[in-house]
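Novice: One-letter residues, chain by chain:
2 protein chains.
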Amino acid sequence: MPAKAIVISIGDEILYGQTLDTNSHWISGELDNLGIRVLKKITIGDTKTDILSNLKEAEEKADIVLLTGGLGPTNDDLTKPCLTEYFNTHLVRNEDAYENIKEIFEKAGWEMNESNLQQADLPANCTAIKNSIGTASGMWFDTEGKVIVSMPGVPFEMKQMMTDSILPRLKAQFVSDGIYHRMIRTIGIGESKLAELIKDWEDQLPNEIKLAYLPTMGAVKLRLTADSDTDLVKESIQKQIDEVLPIIEKYVYGFDDEEIPNAIGRILQERGQTLAIAESCTGGYLSHLTTSVPGSSEWFRGGMIPYSNDLKRDQLGVEEKILDEDGAVSEPVVLALAENVRKTINADIGISVSGIAGPGGGTEQKPVGTVWIGYADKDKSVAKKFRFIRNREINIKYSAIAAFNMIRINLDKD
Amino acid sequence: MPAKAIVISIGDEILYGQTLDTNSHWISGELDNLGIRVLKKITIGDTKTDILSNLKEAEEKADIVLLTGGLGPTNDDLTKPCLTEYFNTHLVRNEDAYENIKEIFEKAGWEMNESNLQQADLPANCTAIKNSIGTASGMWFDTEGKVIVSMPGVPFEMKQMMTDSILPRLKAQFVSDGIYHRMIRTIGIGESKLAELIKDWEDQLPNEIKLAYLPTMGAVKLRLTADSDTDLVKESIQKQIDEVLPIIEKYVYGFDDEEIPNAIGRILQERGQTLAIAESCTGGYLSHLTTSVPGSSEWFRGGMIPYSNDLKRDQLGVEEKILDEDGAVSEPVVLALAENVRKTINADIGISVSGIAGPGGGTEQKPVGTVWIGYADKDKSVAKKFRFIRNREINIKYSAIAAFNMIRINLDKD
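Chains as they are written, first to last, in the numbering used here: chain C, 843 to 1256; chain Y, 843 to 1256.
It should be emphasised that the hints constitute simulated quantities derived from the structure, not laboratory data.
Note that CB positions come from ideal geometry on N, CA and C, so glycine has one too.
Be a bit skeptical, because a hint or two may be false.
[What the hints assert, rightly or not] The calculated DSBU-like cross-link candidates involving lysine-lysine, where the alpha carbons are at most 30 Å apart (straight line), are:
(1) Y/K1239 / C/K949
(2) C/K898 / Y/K898
(3) Y/K1208 / C/K903
(4) C/K1239 / Y/K972
(5) C/K944 / Y/K1208
(6) C/K972 / Y/K1208
(7) Y/K1041 / C/K890
(8) C/K898 / Y/K988
(9) C/K1052 / Y/K890
(10) C/K1063 / Y/K890
(11) Y/K1239 / C/K944
(12) C/K1001 / Y/K1239
[Stated by the list, open to error] Reference excerpt, derived from the structure (chain C facing chain Y, CB under 7 Å, subset only):
(13) I884
(14) G976
(15) V1135
(16) Y1149
(17) N1151
Start from the sequences and build out the full structure, keeping to the hints where you can.
Specialist: Right under this line is the structure:
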């Protein structure tokens, strides 16, 4: 029976739709990875009665209650006074928290005021959790076998606390057997087709290995989970992965936490190859995903965004005639872009995107969502046409994912 | 007394952190805009007991309960059977929903199967809400002065239903007086400094106008709200805006829904000017935000991402000597990049970014988070140094926002 958790996000700005809550999303993913069952996620405002009543209800239903938000130094932040009242205790100055706040202010060269100092006053019954980035301390409360933890709402402060201290402590206290996950990451195949392809394999999976299909934009992750993390279990899961891989090999780009841009980067780095990008309709998004990978300067040479046609011609040598006859969204244009950006930027591989993202610019022959992607290396050039849907944001995102897949597929054939 | 709402998101994939829930965020923002008070947002899994118990609790506490998710054609989608049980009713074939599904399948040239047809069977006591994009119908339930609405979890299907029919109906039924919001959007000034600057103005605001500070990354929005939308109220709010503007003019980039890239685009278009971007550490993100604006091809000429130093030199004419002596992250480099990208791409304005996004590449003199931004037009070139923090993702995002602000500030001085 896995431990049960409820995640509570506190803050008017989240409740009223001004700030998107990514904290509870991240937290619930981490808890799920540990094998802790998330029962419910709740968002409430900075309102005393709501904080107290939801805290009570959550403590009744779950073993673990994780709170984020409401720990700022101003009067509208109520989480700490509410916890003090909830546990019928009082605030005491925490020396570690005090030293931490002092250090942060000294480093930054700011002057401390009374409200900053008060952030070091914590409920007497809690253990402080160090916040090495900010001034709001985390608080850990043990209550009759259950745990309530309060964290700041600033995402990277929360994440660091979770990673450094809260998740390891929760694991030690609530996860007896451990849980073991492996992820096979596929791209270029839909969920139902993938299920068809691996049906026989899925049917023979031993009972102790659970399979989940996790579809995201343009990609499907296969997650194998066991309720135990012994070496025997790990071997058994690896054996299953080895068996299914030959069936779906052409769709698999990576394993576990590796996203597609990271996978492309790893492969290029292993081969000592470099990449150049020429993107029109994706307008920088493909390069952005590429350069979001830490260390990408090792294998990404640079990019060009020839948004206007004359730049496609003057900067990237696409012939005027082709632009006139075939239009900017066409096979010969993306081929020329991929070949020329590769040469211009002096990279091993060139990738190009040209399409109609919308909302304007569509025609009957080339409706919004029509996208051509080109790939070039020293041996070959290829292009492929895609048809996405009628939404600018989604077309840009799908195009970038499809472009990474073009690189992967064509690299693999080398 | 405003009407009260609870928003419930249903789906295992949301609860377990596989899919980020943007629906409840968007919905609560729209409800808040209408003057409907959001009490709570809840996320639960595809579990019958959880759906039923949370539905009951929400109906007790709120006037309006909005559900998203769990309306797919497969067996793990439980929202419709739960609603049928909750209202102690049965399913009947809805002819409008049936025709809609048929039409969608015919257009796409797909074959319909039994599970698709069953999506046209709805609880007898609901009114169907048309889904013109997908096959899952929305459902509107009236129950003793309260309203429960169920919508699909696919964001753009949900948004279209809300915009076309649910929000107008909720407004008619629950918002007697209307509510009126105006937003003043500022950038380049912190929340507390802004509050200091406009303290006198804020103190004299009439009681019926509420002011909220909404800080987001690198920017603060000021929201003025009144509980009524008569012409008199609108005029009164406009008068207050006119009074505060001279005090904060240099920080204001736009009003109401206009984001900073859109504001820059509007200004450039009004002036008939064009933009070119040379971005190194932001790696495409600045161009991505720029080209996320529909119609940006009217004023954005194109961009270059000279990620390696030799491209800064060969493609954008930055002298080797400067790169050697001052380094890529320096004032002369961003000045040269801005001036040369402007010329190379033949635009009126050039903007450039070079910095150390992290995690690697930092030195004692130029730690991670050091970013230079350059601006050039036909009359002048300027550069400014920024110091962000130790996180790659955040440094990239802040740098892009700061670059838009550089454009705004320097354009305004023309």
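Novice: Checking against the hints above, which ones are violated?
Specialist: 3, 14, 15, 17
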